[in-house]
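Q: Keeping the supplied structure of chain A fixed, place chain Y upon it in accordance with the hints.
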Amino acid sequence: MAKVLVVTSGKGGVGKTTSTAALGAALAQTGQKVAVVDFDVGLRNLDLVMGAERRVVFDLINVVQGIAKLSQALIRDKRLETLWLLPASQTRDKDALTEEGVGNVIKEMREKFDWVICDSPAGIERGATLAMRFADAAVIVTNPEVSSVRDSDRIIGLLDSKTEKAEKGERIEKHILITRYDAQRAARGEMLNIEDVLEILSTPLLGIIPESEEVLRASNIGSPVTLNNAASAPARAYLDAARRLKGDDVPMAIPSDRKGLFDKLFGRRAA
Amino acid sequence: MSFLELFRRRGSAPVARERLQILLSYERASRGQSDLLAILREEILSAITKHVTVERDSVQVRMDRGPSVSTLAIDVEIPHSTGMLLATGS
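Residue numbers (the numbering used here), protein chains in the order written: chain A, 713 to 983; chain Y, 1301 to 1390.
So here's chain A without its partners, still in its complex pose (with noise of 0.2 Å):
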């Protein structure tokens, strides 16, 4: 029976879709079975960016309107045969989702696998409720930076209760990951402090990926970026997450990049 997770933030462009490739192959990584599920009809990016956008046939609204079996749409991953993907549909409108439909899907995939995560598209419409409707778990993406932090504030608030967990009376759990962090600007003063956004949110912290060049290269070759360089900063903290997302006690560090001659010489000034 698996463990249905959603990947959300309210703010666009904070790192979901990178997030849900990344956290998804580091737990098929340790053997899990893992699901990830495309919620942004319309403007998918989660098959871009698992390097799967060139065999896209069905998409979970062709699964929800019955026009394809979930066996037909999804897509196994090439590196990692414990990873699938279920795409969103590039075509149709996020009306085309509805909660039955969604919700057969999921109960479907709950048998077949360890993990189901879905990737929340931005905003708080139709396409991020149905994201979060059925989810045991939700992994709130965000930036430490304040609009980011509201944003999230305002989904935390939407998963305490518009699913259906929380409409049982029952608690969703929720862990913040924080992406994009730059341990250089934090000491500089300039970014908002990881205690500071966890105590605004009171809510526990998952993990602190670091801001890195890694997860643009990993993106343009169209792998997780724990497959990608499963020993840079970002897959790192991003495997520590998975670990820590199936129960492991995972001490929090903020991983680096080992710093080359250049970094030494000029990047040093900035702590």
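Everything labelled a hint here was simulated from the structure, so no lab data went into it. Note that beta-carbon positions come from the ideal geometry of N, C-alpha and C, so glycine has one too. Errors might be hidden in some of the hints.
The following residues of chain A were derived to be distant from chain Y, with all beta-carbon distances above 12 Å [to be verified]:
| hint | residue |
| --- | --- |
| 1 | His887 |
| 2 | Arg929 |
| 3 | Gly934 |
Restraint ranges, calculated between C-beta atoms of paired labels, are given here [unchecked claim]:
| hint | chain 1 | residue 1 | chain 2 | residue 2 | range |
| --- | --- | --- | --- | --- | --- |
| 4 | Y | Leu1324 | A | Gly815 | 29 to 37 Å |
| 5 | A | Asp805 | Y | Ala1313 | 45 to 53 Å |
| 6 | A | Val962 | Y | Glu1343 | 26 to 34 Å |
| 7 | A | Asn816 | Y | Ala1373 | 26 to 34 Å |
| 8 | Y | Ile1339 | A | Asp805 | 19 to 27 Å |
| 9 | A | Asp908 | Y | Leu1345 | 39 to 47 Å |
| 10 | A | Gly754 | Y | Gly1366 | 23 to 31 Å |
| 11 | Y | Tyr1326 | A | Gln777 | 21 to 29 Å |
| 12 | Y | Glu1318 | A | Glu811 | 38 to 46 Å |
| 13 | Y | Tyr1326 | A | Asp865 | 25 to 33 Å |
A: Relative to the frame of chain A, chain Y by itself:
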């Protein structure tokens, strides 16, 4: 940063460019049109079902869109009984 790393760092952008070109040329061409893939699938299936009974669940469609050619692979599981029928009937 070593020289080797310098070269490696340039490495991923051209890959990104090529992937996007392939994807966008396909998406632009199919915008506003009905999905070619869906049409092909339905017509191929209806051609097959004229001769044999197949379960729609036992049909797998795979796609790989390349820069100049795309491949469409349709796997249809034909049960032995109907398969024999086809062989003798045609």
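Q: Now look at each hint and say whether the structure bears it out.
A: Hints versus structure:
A cut-off of 12 Å between C-beta atoms confirms that His887/A is not in contact with chain Y; the least separation is 30 Å. Against chain Y, the non-interface label of Arg929/A is violated: not every CB pair exceeds 12 Å, the least being about 4 Å. Taking the minimum C-beta to C-beta distance to chain Y, about 6 Å, the non-interface status of Gly934/A is violated against the 12 Å cut. As the Cβ distance of Leu1324/Y to Gly815/A is approximately 34 Å, the hint placing it in 29 to 37 Å holds.
For Asp805/A and Ala1313/Y, the hinted distance range of 45 to 53 Å is not satisfied, since their beta carbons lie about 32 Å from each other. Between Val962/A and Glu1343/Y, the C-beta spacing of about 53 Å breaks the proposed range 26 to 34 Å. In this structure the hint that Asn816/A and Ala1373/Y lie 26 to 34 Å apart at CB holds, the actual value being about 28 Å. Between Ile1339/Y and Asp805/A the beta carbons are some 21 Å apart, a value that agrees with the proposed interval 19 to 27 Å.
At roughly 58 Å, the beta carbons of Asp908/A and Leu1345/Y sit outside the given window of 39 to 47 Å. In this structure the hint that Gly754/A and Gly1366/Y lie 23 to 31 Å apart at CB holds, the actual value being about 25 Å. Range check, Tyr1326/Y to Gln777/A: about 23 Å between beta-carbon atoms, so the 21 to 29 Å window is met. Checking the proposed 38 to 46 Å range against Glu1318/Y and Glu811/A shows it holds: the Cβ atoms sit about 39 Å from each other.
For Tyr1326/Y and Asp865/A, the Cβ-Cβ distance of about 40 Å falls outside the hinted range of 25 to 33 Å, so the restraint is violated.
Violated hints, in rising order: 2, 3, 5, 6, 9 and 13; the structure is consistent with all others.
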